[in-house]
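Novice: Residue numbers (UniProt numbering), protein chains in the order written: chain A, 1 to 236; chain B, 1 to 236; chain C, 1 to 236.
Keep in mind that the hints were calculated from the coordinates and are not lab data. Don't take each hint at face value.
One copy or two, it doesn't matter: identical chains are merged, so the pair holds either way.
Stated by the list, open to error - Straight-line distance between alpha carbons at most 25 Å, and here's what the computed BS3-like set of lysine-lysine pairs gives: (1) K142 <-> K153; (2) K105 <-> K142; (3) K202 <-> K142.
From a predicted model like this one, the values you see are computed outputs, not experimental measurements.
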Amino acid sequence: MLLLLSVLVLLTQPPTSWGANVTTLPQKPLIENCTLVTCSPLEIGLPDLDGKEGPLGEKEDPDIAALWRQVKALQIAFLQYKKVELFPHGRVVGQKVFKAAGFQKPFQEAQQVCAQAGGQLPSPRSEAENHALQQLVQVEDKGNAFLSMTFSKVEGRFTYPGGESLVYTNWAPWEPNNDGGNEHCVEIFTNGKWNDRPCGDKRLVICEFCALGLGGAAKVQEAGPDPCAANMTRKS
Amino acid sequence: MLLLLSVLVLLTQPPTSWGANVTTLPQKPLIENCTLVTCSPLEIGLPDLDGKEGPLGEKEDPDIAALWRQVKALQIAFLQYKKVELFPHGRVVGQKVFKAAGFQKPFQEAQQVCAQAGGQLPSPRSEAENHALQQLVQVEDKGNAFLSMTFSKVEGRFTYPGGESLVYTNWAPWEPNNDGGNEHCVEIFTNGKWNDRPCGDKRLVICEFCALGLGGAAKVQEAGPDPCAANMTRKS
Amino acid sequence: MLLLLSVLVLLTQPPTSWGANVTTLPQKPLIENCTLVTCSPLEIGLPDLDGKEGPLGEKEDPDIAALWRQVKALQIAFLQYKKVELFPHGRVVGQKVFKAAGFQKPFQEAQQVCAQAGGQLPSPRSEAENHALQQLVQVEDKGNAFLSMTFSKVEGRFTYPGGESLVYTNWAPWEPNNDGGNEHCVEIFTNGKWNDRPCGDKRLVICEFCALGLGGAAKVQEAGPDPCAANMTRKS
């Protein structure tokens with residue numbers, strides 16, 4: 001109990017900036033907890049503890065029962081505000097949230113905008129993710145949007161930030177064609193198809209945000225596998 | 001304990017799409033829990049458990065006390081972000097959140113936009129709800145907005161989606177007048193008054209989202225009583 | 001236990017308007033809890049309770065363990081949606097969230113817009129807060145924004161709402177200069193510098209929202225110290 005109180009005391013020092021003076025306790029991968037909380041309301045499966053019989057047949061501590069209610073209420077309120085938040089400039093697909101900025105930028109600035117916000121440019125890795133992006137581009141009605149991927153001269157092909165090979169593509173017919181010899185970036189059309197473009201062109205900015213996104217908002221997302229997918233592999 | 005662990009194991013299988021592989025445990029109607037959590041900060045009434053005396057005079061489990069703190073902190077953070085989220089394109093009235101899309105659509109597309117977002121077109125059922133909608137229409141400065149209600153030839157009057165009769169109206173003087181013989185939809189003016197319009201006209205899209213909205217985002221909201229009100233009646 | 005159940009019964013009466021019929025239980029200042037929950041995911045330090053050994057070496061109640069998981073999951077989901085919400089029209093600095101409205105108003109209307117939303121005009125009290133505001137003004141690309149401060153004829157200087165003296169300033173060279181004799185309000189430039197302006201001018205509306213903001217949305221924020229800072233002093 002002294003250990004827990006000491007930790008709480010350490011955690012309660014007023015930080016000069018967020019993150020200062022915070023002790024990190026070890027934690028397990030938490031993908032399973034994301035599953036529990038992001039289901040639709042009908043799938044919130046919490047035992048009904050109301051001071052009477054619990055799921056285990058025992059009398060439940062009324063404080064735990066009251067706490068269960070508070071948590072359930074928070075989950076429901078949170079689910080409502082998730083829907084409100086995503087309307088109309090966001091889409092959620094599994095662990096990923098795509099959100100449109102409403103303005104256009106050249107690729108490098110677009111990349112920075114997303115990084116500063118704690119996200120990254122979109123890396124659609126499936127038909128479902130690509131379709132969600134397509135919907136956003138249509139709704140926003142501000143032209144095509146940049147994706148995260150760029151042409152790597154070293155690899156001789158398009159890759160995700162960090163160099164990983166593409167696991168899904170949706171190039172328009174005859175693309176990428178490097179028209180003009182300087183098309184190292186990728187845009188997504190309102191029909192969902194991809195086309196290579198010069199990175200200096202201004203395109204609609206959409207960012208993707210992961211449930212267990214890595215911290216450090218003011219840097220481009222770390223190299224490596226898609227953070228939204230990485231959490232799933234960590235589970236094993 | 002084995003039952004609970006088994007349920008947790010079942011709940012932690014990676015879903016291919018959200019909602020798969022989730023076991024639903026029985027739950028009571030939860031309106032009272034929404035009440036507990038959506039009050040203003042001054043009304044968050046949680047016992048102060050800090051490892052010492054609980055409200056019942058007993059020594060509290062320090063883990064429960066720590067958990068209470070986490071839940072309280074989440075409630076406070078959530079309340080702040082609710083306010084941030086609603087500014088400036090949203091309004092909350094009781095269980096309902098109205099949010100403006102910022103664009104205009106004909107009625108049928110507007111209906112689909114709201115359904116896909118997990119909400120529906122607004123059904124103001126009281127002066128308070130109507131006033132909140134009016135404020136939004138004024139703030140958005142994008143013309144009048146569609147309401148959910150339509151003229152039913154069968155009933156010979158305007159009804160909510162699903163056919164229920166209107167419980168509140170705020171028609172402008174001499175409206176509805178079916179001007180032109182094809183005014184089966186309803187718009188709300190910046191002064192809050194209603195007028196019937198052709199459904200093919202483009203109007204500002206505003207959607208309403210309920211705390212306990214039914215799932216299934218990609219379908220028009222089920223027929224029946226207002227889901228935001230239905231939760232209240234379920235309580236009894 | 002009877003007391004707790006009675007409170008829950010009182011709290012579950014259907015309110016005609018939010019806040020009615022709610023009993024307020026006493027609560028401690030909660031700044032330390034905000035620290036616990038608003039850190040980046042890597043700083044969420046909750047003991048790992050999974051039905052086995054707890055941090056204290058004892059066997060944990062499986063219901064408490066399950067509840068910990070739910071709370072952890074909610075924290076993670078909430079952190080993701082915080083990032084999504086703030087992109088692109090918001091910035092968070094410590095306890096404060098700044099959010100831009102996207103439209104311009106004269107000072108008095110801007111003040112009312114923020115008050116009705118449960119916030120207030122921005123009072124940047126540090127370089128960090130001012131920098132966050134500057135970023136927003138740049139991103140919004142809608143001209144300069146009003147700050148909360150006004151010239152008090154009584155005091156003969158600019159003050160915060162309520163009369164407190166400024167603790168931080170960032171006036172542009174030679175400002176404030178009361179050009180025209182009627183410059184009692186303050187705007188912030190895209191370079192972050194301040195200038196005094198007539199209050200009747202229309203400027204971009206940005207509001208600030210505090211974690212423990214006082215209730216009562218439809219009134220201008222109470223006089224007194226910055227509510228975002230007040231919570232910190234209450235801690236002692």
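Novice: For every hint, state whether the structure bears it out.
Specialist: So, going through the hints one by one against the coordinates:
1. K142 <-> K153: Classified as neither: same-chain Cα gap 30 Å, cross-chain 39 Å, threshold 25 Å.
2. K105 <-> K142: both (12 Å within a copy, 16 Å between copies)
3. K202 <-> K142: Both ways: K202 and K142 sit 11 Å apart in one copy and 19 Å across, limit 25 Å.
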